Amino acid sequence: MDKQKLLQMYYEMVLIRRVEERGAELYQAGKIGGFMHLYIGQEAVSTGLIAAREPRDRVITAYRDHGVAINCGISANEVMAELLGKVTGTSKGKGGSMHMASVEKNMWGGHAIVGGHLPIAAGLALGDQYAGNDNVTICMFGDGATNIGYFHEALNVSVAWNLRVLWVCENNQYGMGTAVKRASAVDEIRQKAEGYGMKNARVDGMDVLAVYQAAKDAIDYVRRESKPFLLEAVTYRFRGHSMGDPERYRSQEEVKKWQDNDPIGIFRAALLKQGDVTAAELDELERRAEEETQKAVEFAEASPEPGMEELFADVYAEN
Amino acid sequence: MARITMREAISQALWEEMERDPKVFILGEEVGVWGGTYAVTKGFYDHFGPERVKDTPIAENAILGAAIGAALTGLRPVAELMTINFAFSAMDYVVNQAPKLRYMFGGQFTVPLVIRAVGGGGRQLGATHSQTPDAVFAHFPGLKVVSPGTPEDAKGLLKSAIRSDDPVLFLEHATMYQVRGEVPEGEYLIPIGKSKVQRPGRDVTIVTYAKGLELSLKAADELAKAGIEVEIVDLRTLRPLDMEPVLESFKKTNRAVIVEEGWKSYGVGAEVSTRIYEEAFDYADAPILRVAQKEVPLPYNRTLEQAALPQVPDIVAAVKEVLK
Chain C
1 MDKQKLLQMY
11 YEMVLIRRVE
21 ERGAELYQAG
31 KIGGFMHLYI
41 GQEAVSTGLI
51 AAREPRDRVI
61 TAYRDHGVAI
71 NCGISANEVM
81 AELLGKVTGT
91 SKGKGGSMHM
101 ASVEKNMWGG
111 HAIVGGHLPI
121 AAGLALGDQY
131 AGNDNVTICM
141 FGDGATNIGY
151 FHEALNVSVA
161 WNLRVLWVCE
171 NNQYGMGTAV
181 KRASAVDEIR
191 QKAEGYGMKN
201 ARVDGMDVLA
211 VYQAAKDAID
221 YVRRESKPFL
231 LEAVTYRFRG
241 HSMGDPERYR
251 SQEEVKKWQD
261 NDPIGIFRAA
271 LLKQGDVTAA
281 ELDELERRAE
291 EETQKAVEFA
301 EASPEPGMEE
311 LFADVYAEN
Chain B
1 MARITMREAI
11 SQALWEEMER
21 DPKVFILGEE
31 VGVWGGTYAV
41 TKGFYDHFGP
51 ERVKDTPIAE
61 NAILGAAIGA
71 ALTGLRPVAE
81 LMTINFAFSA
91 MDYVVNQAPK
101 LRYMFGGQFT
111 VPLVIRAVGG
121 GGRQLGATHS
131 QTPDAVFAHF
141 PGLKVVSPGT
151 PEDAKGLLKS
161 AIRSDDPVLF
171 LEHATMYQVR
181 GEVPEGEYLI
191 PIGKSKVQRP
201 GRDVTIVTYA
211 KGLELSLKAA
221 DELAKAGIEV
231 EIVDLRTLRP
241 LDMEPVLESF
251 KKTNRAVIVE
261 EGWKSYGVGA
271 EVSTRIYEEA
281 FDYADAPILR
291 VAQKEVPLPY
301 NRTLEQAALP
311 QVPDIVAAVK
321 EVLK
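Here the protein sequences come in this chain order: C and B.
Under our numbering, the residue at position 101 of the first sequence is numbered 101, and the numbers go up by one with no gaps.
Under our numbering, the residue at position 21 of the second sequence is numbered 21, and the numbers go up by one with no gaps.
Keep in mind that the hints were calculated from the coordinates and are not lab data.
Heads up, some of the hints might be wrong.
[Unchecked claim] Here are the simulated lysine-lysine pairs, DSS-like style, with alpha carbons at most 25 Å apart:
1) B:Lys194 <-> B:Lys218
2) B:Lys264 <-> B:Lys324
3) C:Lys295 <-> C:Lys273
4) C:Lys105 <-> B:Lys194
5) B:Lys294 <-> B:Lys218
6) B:Lys218 <-> C:Lys227
7) C:Lys105 <-> B:Lys218
8) C:Lys199 <-> C:Lys181
Computed from a prediction, not measured in an experiment: that's the story for all the values here.
Okay, chain C solo, but in the shape it has when bound (with noise of 0.2 Å):
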């Protein structure tokens, strides 16, 4: 991977982080309502993953959405504001934090409830298929959501009919509050692909690069075969579920564990080792971030309310 490329994903994590740090602390402040799902800690997966896909490959997620939202092209500025509830967010202020899209960036959503969109995910595809292009569409979905029902329907049709569909479980080990070993038939829920017929794979979700490489063969494989394929990375969210967990069901030791195996501090580390990154340029990068998030916050501090005329509009496309 050229050097531009690597440090293009590095800040785009280290970005991901100050919008979510600052994002929490306007939360806090009451300027932003409703739930909010910080990825902090797992920023890894979607930066990876985004970095590995072509721009025609359409990405579609779940709630915990800014990070992708971000890794997809969607400025910090549109980010903040709709967060803010702002017009100038990303959805005009209607959606909030679970719901952010953008047709243009190719990302689709932004899906709250939970498995909902995998079935949508399969349409997309099939809409390629339809097309007869080779446009592969990215899926990612808690290890929640592979419980419910929605996630057996649509990976079925996505190995009966052949759909190109990149699924990604981003296991950060707790569905809300309940450890995948209380939810699920098992605890590797790559395993739940071989009852498809599916092609499947499991990486550390905290190693940007690993996340790029297995990623990157993924999508070839779908684009290819034109076939589905199950992608589980394995990752740690260091903060609580929404703004509002009280975290009783797992221990300090264990975020502790893992927030010494912070993605951002792994990839800094690996960078640095390679050779031709010094440690002066992150922080260059790291000051950027910091001004750009400084900047999205103002944006969207600055930014109107959606007006009166927003609360009937988009109802319908035509009346």
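Use these hints to put chain B onto chain C, whose structure you have.
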């Protein structure tokens, strides 16, 4: 004018739209090789091929989820649910996904989807296969709900639904596929969201749709023998609801009966009668009455099932009651 059945009208609408627009395709259980469980898509598979007449597993979430996803890519899927009762297995897509994606993402998404579903009682299919839950679906903004009562309307409305950029739930009645009616020759469309006077009259307004129209027309013939002229307003679309012809008629007759096949509680009649009271209270000469299904799950036994469903004599009696 040609005289065709409801089944033929729906089939023609699908066929013509598929011929006209390659983005239109059908998916659902047994729509292809089988030819449709109600034979609506008979012959389609051989003519249009397996990609455009797509057989699916018995998996309603996969059917509707895939249809929504395909619609997001710019296709115009017509997803068939074998019966509306199976919509409950995939309720998330009907009421929680299709109608909300556009609004929730700030107008970025367009969902040009038609969900065709058969509903209604009277075929001794037992409680879980015989429902007329139209009002449930009409509750949700973002969805359009259409339910025709004549072949002419079925054809024209289905063609409009397929061309609509919004998700449309198109409800057909299981006992009406053999109903015959005049249909214009050649291409025509009937706009969604327009009620229509199907029979003019001066004494009482009957507001109804779908199966209720068939029953009300029979009741009207009977009442005419007694010198009572009812005016029948067919809603045709439940959402968006066009109250104009209803109010116009009520202001003339000052009396109304609402006829629907679904349960009375929280139903179409509750909505329509309230709207009449809200907008034309001063014109009322009698309380508005509702004729609807008895508040029970539909039984299998034919006698009991028919007793639970609204019948022509119920409508005749209600009309006479509001004239007292």
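Taking the numbered hints from earlier one at a time, note which ones the structure violates and give those numbers from smallest to largest.
3, 4, 6, 7
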